[in-house]
Amino acid sequence: MTLARDGVLYRSGDAPDAFYVLLRGRVGAWRGEPADPESMLYFVTDRRHDSLCLENVVADIP
1464 MTLARDGVLY RSGDAPDAFY VLLRGRVGAW RGEPADPESM LYFVTDRRHD
1514 SLCLENVVAD IP
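Each number in this note's numbering corresponds to the 1-based position in the sequence shown with 1463 added.
If you are wondering where the hints come from, they were derived from the structure by calculation, not from laboratory data. It is possible that some hints are incorrect.
[Claimed, not checked] Taking CB as the label site, the calculated pair distances span:
1. Pro1500 with Asp1480: 26 to 34 Å
2. Asp1477 with Ala1498: 15 to 23 Å
3. Met1464 with Pro1500: 25 to 33 Å
4. Ala1467 with Asp1499: 13 to 21 Å
5. Gly1495 with Arg1468: 18 to 26 Å
6. Ala1492 with Thr1465: 12 to 20 Å
7. Val1471 with Pro1500: 12 to 20 Å
8. Asp1477 with Asp1499: 17 to 25 Å
9. Gly1476 with Ala1498: 15 to 23 Å
10. Glu1501 with Thr1465: 23 to 31 Å
11. Asp1469 with Glu1501: 14 to 22 Å
12. Ser1502 with Ala1467: 18 to 26 Å
Note that the structure is predicted; figures quoted are calculated from it, not measured. By construction, the Cβ of each residue, glycine as well, lies at the ideal position given by its N, Cα and C atoms.
Please take these sequences and the hints and turn them into a complete structure.
Below, the structure written as structure tokens:
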């Protein structure tokens, strides 16, 4: 899967139905909408082969 810049991989509350591995680029996770001044960035990685969402998929937590 390839995402455009500022694309959304998934939103909080979505069913945990996939496991993602970062091959290149950078990923950030926001609490709220990124454009909302009240939102908060709480996770950023640009490390190759970092796993994303694994804990949620395994634990079945949205």
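Structure-based check of each hint:
no. : hint                             : result
1   : Pro1500 with Asp1480: 26 to 34 Å : 31 Å, holds
2   : Asp1477 with Ala1498: 15 to 23 Å : 19 Å, holds
3   : Met1464 with Pro1500: 25 to 33 Å : 29 Å, holds
4   : Ala1467 with Asp1499: 13 to 21 Å : 20 Å, holds
5   : Gly1495 with Arg1468: 18 to 26 Å : 19 Å, holds
6   : Ala1492 with Thr1465: 12 to 20 Å : 18 Å, holds
7   : Val1471 with Pro1500: 12 to 20 Å : 19 Å, holds
8   : Asp1477 with Asp1499: 17 to 25 Å : 18 Å, holds
9   : Gly1476 with Ala1498: 15 to 23 Å : 18 Å, holds
10  : Glu1501 with Thr1465: 23 to 31 Å : 30 Å, holds
11  : Asp1469 with Glu1501: 14 to 22 Å : 18 Å, holds
12  : Ser1502 with Ala1467: 18 to 26 Å : 20 Å, holds
Going down the numbered hints, you'll see the structure goes against none, and every one checks out.
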